[in-house]
Structures are given as C-alpha cells and as structure tokens.
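Student: What follows is each chain in one-letter form.
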Amino acid sequence: MVVGGGHAGVEAALAASRMGKTIGLVTMDKTKLALMSCNPAIGGLGKSHIVKEIDALGGVMGKAIDATGIQFRRLNLSRGPAVWSTRAQADRIGYNRCICEVIAEDKNISVIEGTAGQFLVENGRVIGIATESGEKIFSKAIIVCSGTFLGGLIHIGEKQIPAGRQGEKAAYELTKSFRSLGFEIGRLKTGTPPRLDGKTIDYAKCEIQQGEYPIPFFSYTTKSYNVDQISCHLTYTTAKTKEIILRNLDRAPMFSGQIKSKGPRYCPSIEDKIFRFGDKPRHQIFLEPEGNGTDEVYPNGFSTSLPEDVQLDAIRSIIGLKNAEITKPGYAIEYDYCPAYQIKPSLETKLIENLYLAGQINGTSGYEEAAGQGIMAGVNAVLKIEGEPLFVLDRSESYIGVMIDDLITHSTTEPYRMFTSRAEYRLALREDNARDRLFGYAQKYELISEEDYKEFVDMQNRTIEKIRMLRKKVIPISKLDGLSKYFIRKDAVSLADLLKVPGVTCNDIIPFMTDEQRDDSNDEIAERAAILIKYEGYIDKQEREIEKFKKLENESIPKNFEFASLLGLRNEAREKFDRIKPISLGQAGRIEGITTGDLAALAIHLKKYKSQKNIKDKQ
Amino acid sequence: MAIKFINDDTIAAIITPQGEGGIGAIRIAGPESNKIISRIFLRARSDIKNNIPFHLYYGHLFNREGEVIDEVTMVEMPEGESYTGQTQAEIFCHGGQFILRQILNEIFHFGARPAEPGEFTRRAFLAGSIDLARAEAVADLVSSKTEYSYHAAKNNLLGKLTDKIDLIRNRALDILAEIEADIDYPEEDIEPANENKIEQAMDEIIAELAELASSYRSGKIIKEGYKIAIAGRPNAGKSSLFNLLLNQNRAIVAPVPGTTRDYLTEWIDLDGVAVSIIDTAGLRKPSGIIEKAGQKSAVEIIAAADLVIWIVDLTRKSWRKDLLKDINDIRNRNILLLFNKIDKINIKNITDKDILSISFKYVLFSCITKFGLKELKKELNQYIINRMPDLTDGLVITSERHKRKLDLAIKRLKRGMITIKKKESPELISFEIRQGINEIDEITGRIYNEEILDRIFSKFCIGK
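Just so you know, the protein sequences line up as chains Z and R, in that order. Quick note on the working numbering: the first sequence kicks off at 54 and runs consecutively. Quick note on the working numbering: the second sequence kicks off at 1236 and runs consecutively.
In case anyone wonders, no lab produced these hints; they're calculated from the structure. Just so it is clear, the structure is predicted and the values come from calculations on it, not from any experiment. Be a bit skeptical, because a hint or two may be false.
Derived DSSO-like pairs (lysine-lysine); straight-line CA-CA distance at most 27 Å [said to hold, decoys possible]:
id, chain 1, residue 1, chain 2, residue 2
1, R, K1646, Z, K594
2, Z, K661, R, K1270
3, Z, K601, R, K1649
4, R, K1638, Z, K594
5, R, K1649, Z, K594
6, Z, K660, Z, K397
7, R, K1638, Z, K538
8, R, K1613, Z, K594
9, R, K1657, R, K1399
10, Z, K553, R, K1613
11, Z, K532, R, K1658
12, R, K1455, R, K1613
13, Z, K538, R, K1658
14, Z, K333, R, K1649
15, Z, K603, R, K1646
16, R, K1656, Z, K538
17, R, K1657, Z, K532
18, R, K1649, Z, K553
19, Z, K594, R, K1455
20, R, K1649, Z, K543
21, R, K1657, Z, K526
22, R, K1270, Z, K594
23, R, K1658, Z, K543
24, Z, K497, Z, K604
25, Z, K604, R, K1646
26, Z, K553, R, K1657
27, R, K1556, Z, K543
Hey, can you work out the whole structure from these sequences and the hints?
Tutor: Structure representation (structure tokens):
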C-alpha cells in the first residue's frame, strides 16, 4: 500500500506494480495525483540527473514530462557533459492528467480515496492502516509519501491556515500515530510564490527565454515529436520592491517568529533574499507559464509568505508587472517530517518493519528527489516481501544513491535539494550514462522490457565501435585551420584527439568524416562517444577514486553490531554511530563530526568482531 | 594501521626518561587502572573514602608481599577526560630505575601489560584527544634531540600545523564554492566566477603549501639532524677530522632510529642542532672489489648530505689537478673545502691564484696543530644557522607523510591551475581542486562533508 499520491507515491506504486504486486494507493483526492504544488517545471541541475535515473529504472516521471512539457532546454551546455542538465516547463494540468491516466490504466493499482490516520502494527511490523474515517486497510508493506500534508500549516502574513496545500485538507492523525510508535518528528518549512494572471503582464518589458531545438527529451523511450514550445520571460525586482518588503518585514512570518522551522537555503523567500543580500540592487524573477490552457504564470524567484496586500504591492513594483493581478497568493507551509536517521538505506523504517518512507517526509524537497525515493521504496518493499536482497544504490553509481546516503547519514535539518556538487563522483554520474549505470538493475528487477535492454546493449556496443573509429581516423594537421594551434609538432591527429580540445563538439568533427562514418550512428551514439573521449583521462582517475571508495563501502557493519558498548571511542562518536547505525565503514566516515580516529577505532573493533565471529562459526 | 591498537587492555610504562632523576613517573591506562591502583597504593589519609579524579594523593606503594616500595603521589583520571581517553592513573615516585622497575613489576602483576613505544599517543589519537598531525608531533616531541626539534614538535603539537592547514584548506574551499556555484546555478544572477581572482587565489594557496612543504628540508634536519659528510681522497685526514670534531663537541649518545649503517657516523650537538658527522673514510680502499662498492656508498652519502667537507691533502703534489677533477664530480652539493696539513707545507706555496680559481668556501687547516679549527666551527655554525628556520612563529613540518601529502596536494592544485589556464570546463577544475583538498585533509585526518554548500549559501544570493 502506498499512502500519498504525489511524485513519490506514484513512482512507488508503479514500480511495485511492474514487479507484479497489487497496490492500494491511498490519497485524499484521486484527481490530484502527481500535482505540481510549486513550480511547473521538471529537471535542472542535479534534479535532471535523478529524472534520467528514474527513467533508467523504468519510472514514469521522464515519460510524463516529455509528453506534457511546453518548453525544453539544456542548461550548462557551455560546461562539461557531467553538468549538462535538462529542464522542462510543464503543463501543470497536463502532467497531472497524464499521470492519472497511467495510474488508471495500471491493472495492479487501485486508488483509494481517504486519509491515513493510524498505523496498524503487530509485533513491530506494520500490517495496515486505519483511515481517519475508521476504515481499515491491510497490506504486507506500507510506503508513506505524505509530502507537505502531514500536519501542514500555511502562513500568509499573520494568517495561519491548517492545510496540506492551498485549499486542501491536511492530515493530523498520522503524526500522532508516528509519535506513539516512537518516531521523532521534526518540522520543516517551504514556500511558494503567488500566481499571476498572464493577461496582466507587460512582456514587452521583459527578456524572452525560448525553448531549444532539437528538443532535449528526458526519457529514452520518447520518440522525438514536435512540441510547440512556449517562451518564458525574465524580469527584475526594483528599488521599490526592496523598499516595500523591508518596510513590511515585521509582517513576514519568517521574521516575526511565527515560523520557527527551517526552510531551504537554496530557495529563500524574496523577503529573505532582500534582507540578507541588502547590497544587491535587484533580484531576477522568471515568469513561467503554467500551461497551454491557462493564463496563470508562476513568478519563479518570488516565493513569499508576506500578507496578501504586501504581495500585491511588491509584485507590482517589478518591471513589467505594474498592472499584474495575483490569482493565488504565495504562502509558506510548515509540515511534519521524520528525520531520516530513522530509516535504512532501503527506506524501511528502523523501528517498524515493512513501513517505508519516501519524499518530503524524509526531509527532501522537489518532485524529482521525491520520485527517486519513491521508486526505490517501491522496489525494496517488493523485494522484502519476496525475501530477496535489498536494492541499495551507492554514491558512485547514482544521484539517487548520493541522496539516500546523505539523508540517512546526515538527517537533514533543512529541506534537501540535489546539487551536482553533492556528488563526489560527479564526472561518472552523467545524464548520458544513466542507463549504463542502472539498466542492469532495471533488468534484474524486471522494471523494463527485455527488448529495451537488448536495444541498449546494442547501443553500448555501437558506442564502443564509434570510439574506435574516432581514434583511428586521422586528419592531417594542414586541414585543421584554427584548431591546428592545439597540436604543435604533430603532422596528423585523430578525431579523438580533436574532440579532447576544450570547446570542440561532435558537430565540429563531422566535416572530417566520410559519409559512411556519418551515417553509421545516430546522434545519441555520437554524443555518448564524444563524451567518453573528452572525459577519458578524468573518468579513469574517477574510477580509481571509486575503487578506493568501494573498499570502505564493502567493509560492511553487521546489523546487530553494538555501537553503544564500544571502548576507545569518544562519546560523541559512539552516540552518533549508535543513532545512525551505519551499514559500512564508508558510511560511518561520512557522519558529520567523525574523525579518522573514530573511524580507525571502529575499524579495529569491527575486525575483532569479525575474527571472533569466524572462530565461533568454525566451532 | 596495525591491528594491535585494540584498546580494551590496560597498559603501563615509565614515562620519565632513562637515567637517574629526582622524580620518576609511571602511567597506567586502560579499564583496569583503578583496580590496579587499589591493589598497590594506600593513601596516607584514609579518612577520605573515594579517590576524586584529578586530585593528587600522597601515600605509599606496596608490593604484593605488603612491603612498602616507595612514598609516592598518585593521580587518577576518569574515562573520557584523560590523554588516552581511557581510565588512567599516574604515579610519581622517587627517581631511580630500581624503584621504577619494582613498581612497574607490581603493576604488571596485577593485570597491565607493558606499553609499546608510542602506544599512549596512539590511544590518545584513537580517543580523538588529538588529531593525526598532533599524534605525529607527539612522537617527534618525544624523540626530539635538541632544542630545535623540541620547538618544532611543540608547535605542531599545539595544533599550529593543523591551524595553518585549516587556513589554507578554507581558502581552497572558498575557491571551490565559487566554481560550484557557477556550475549548479547557471541561471542565477550571480557574478560569474572571476578567473583572475581564482587563479590568483590558487597561486597563493599553492605557494603557501609549497612553503610548508619546503620547510621539510629544515624539518628533516631538525628531526633527523644535519648531515655533514667528511670526504676526500685517501689519507687526506678524514678520520682525523672526524675524531677531532667528536672530541671538541658533546656527542649525542642515543642514535636516531633507522640510521644504523655500515659507515662511521656520530652525533654532535652544534649550537642546539643535532648534527650527524659521517666519515666516508674506509669506504675508499685503494684497490680491489671493495673499492667499487665503497665508492658507490660514498657517492650516496655525499648525495644525501646537507654539507660536504671535502678535505684536500696539501702535501700531495697533484692536489690542484685532483681537486679540479673531484670538484667537478660534486659540483652541485654544498661544499666546504678544508685545506689540510697546512703545518706540513710552506703556506706561501699556496698562491692567490690557487684559491681564487675555486669558488667554494675554504678553511686552511691542520688536524695536528688544530690550526683553523675555530674558523671551521664558525663556518659550520654559520652554515647551519643560515638554514635553520625561525621557530618563534614559523612552522616546520617534520613528518615525511605530511611532506608527501603536501606535495601531492600541490601537484593536484597545479593540475587544477592548468585546467583553469586551458579554459577547461569548471567541473574538471573542481575535480582537481577537490583531489587537492582530499590530500590536505589526509594530513589532519579530517573527513570532508557539506562544507562547500554551506559556503555557497552564505556567500551568494541563490534561489529562484
């Protein structure tokens, strides 16, 4: 059973369904599956990497955004391929409908409208839930993806409204049930900007930002099709905006003390930005259309919980928004979450067996982060029921692995968003190789079709051939024109050498190929080959780092290992180990405040434990 | 790391130096410490019930037969608050090896085992009382021979090295934050990372690391002593000079571990600097197979020496020709020429031309009459002092591991510089800098976490 029909819940249900289970998806409103509560966009740095990984694991997010996107772009194209990132504006309603259809068509999933109120637990195992209206639903495993609905409280200026989303009921009983089972519950805050009526915006005063062709889609399954891409606009706040906001700062819940929980630093409210970076003359605001069939516009960068009258004044002080009307006010929302030291790498809770948590309840923010956890929780819940080994991705193979490891190791105290800088093996974790990294797992757990897998293996082989060709094909230096300056004292260079020059792309080397070589491959293979060549030396170095990393990761710590009684450890280290219960020496070392001394002591105890266990086993 | 670090037994050792002294001290560390104390120590005032940690108690120390060994004072420290992080006790008795040995025997009898060299420090390190750099400093401090090595080790122990490295590391993280912000926030209205600023900061960091790394030259001398090789053609008077220097200076008895070699080497204290004098005599037998092997060693010694005293026998007719040839072989070493046997020749036979053609410092000398000895010592002192760092606030690394890590960090950061200069994309620049920081972190044993993001958020106005 999955509780919550947001981005995490939907992926969890679909993954479990692909693995042949029947799922009850409990949600308050079955028409609101995978609704985009905040900005109408998917992807961006770090996030798009997760979407590609979800896609490689057979998930729905990439397919849905490809089908309903209204503008597609790739960010960071001037940088290296590891940090290229796809981003798409979504048709909010279209996306939600698309997911509703997918769920409706899935024979294994039945949507149940209701609000989970209480866990039914027997001998430390969850066996079902009771809804707030008293109905009991039983299941072998339960995945909770509560989003901002758990104890949700909206703030708009001095006004406080109990709600899970603007205009929607929140869930309060379930927090009590968590607490009575012994869970520590914390509180986080996030916010959203007001929505504007696009008809009242003077776009002529704003900078235009257009979509990209050929369209960069997310899913490997998407066959290229033509999208009539819409434009976004960029505008700026003014000195007047600053003046209005500073004058009303005492009415902002974040400043008046009305909100005490922590919000995301990477997505601060406009009042926070103006207050903290007072010397900045202006802040940029992106005007993003919410879809084809609506005039509503999302002013990205203007998240706020100021009172409605101040919001309107401030919005109208922005360039091009002089006559703008607000259709829905911005707000801040506080909600309950469960600090993630309480879950295992499989996302199952440590306290209650067969209970899984995914999404904002673990302290993350963002659709992509939620969906990534959802798919992992879905797969693991099924594996556990089948008695199979768990599915855990590590930091060297995926952003999803980085995220889950960060969560369970650090127990975030602010909403967690993915960034590429979080991934120490960033050069190896790219959008282009998501399938190289994860398709093997997807095939193993039958999350994708056998044809898809075979097709991909074929693509891998053709990539290798392509690289071979690029290495072999030699061009006399005289034909290189401007590029020849990179090759002093050489008569001829291979196409591969050429590709390694900063700034040279696959398109630049096409003129040097024969027609046959050109036709030999499609664009994707050419790009994959070019990336591998460009990064060649670095990928090798990163691989060596990964080997080092895996050594510590493979030093597993037994489940029943008693950290609390270890001698020779500092108390701080002992408490942290005991609380987080790292599963490997590698994870133990990533715990904040742990020193190499602590780690060395732990390693020694572990060796002793294992050698004693060996002796015992032999006896 | 060796497996023998297991910490659950109790260890004891004499912690005052060998030899006679007024007071001797013994340390016991481990879970049995209190129990052992209760078996061998009786307080003079028995009206106090329990020993209070960190209180010094006067009393008597008994052997297992109930006989008093000595009057002592004793202090106990609880787990978590002692140097080793474990329950610990220290006994101060009258100095003298006999008493100390007897007490130690009783401690072993009641369940402790002898501590291995450096084991208290290792436990302190494992307990987190000190970081890696400091643990290494303790080892240096304990084995320090001279005032200089003591100061260097102490600076390190006080955490000065850690502080300095943290400072450099923080600057590297700042650079990284700039680059990362640029990567992760392509659409933000933040100033693009300023390449010139980054290059300049990188240059500074590399320079600081290089300065620290190069201090190992001094550090090595401080720790291992200044190596002076005495070399020259056969019968030039090498051994005579060797013996003369030893007799004139206080020789250091304890050899530095790991310097046992088959040639003659002795330690002297030259103005607070440990100097090892190596006599290459005997390495160069006139003929035969030994000559070849010997020559090779002499070449090695000369190559490793900080200073070579090259002795010239002025009574040899061919000394001018020989010298020109020999000098050519050792041209790039630090050389002090010693014109020996000045007593045997008429000094007027040595012309200005002879000497002016040689661009090295020289001393006219006689091993027999000790003519020139004063000048030789002056030259040696001058030479050594010039190469000694200012230890009042200067920092010197004395560990080879630190040196290696610093070199690696510099290498990675330099590669980072190349990627910047080549205008490679920022994720590659970041990759190199991160590797550099990882090397730096291995010096202090820090494990690196979320710090880059923290920096980005505090520095830039980020977030749409």
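Student: When the hints from earlier in the document are held up against this structure, which numbers fail?
Tutor: 7, 8, 9, 10, 14, 19, 22 and 27
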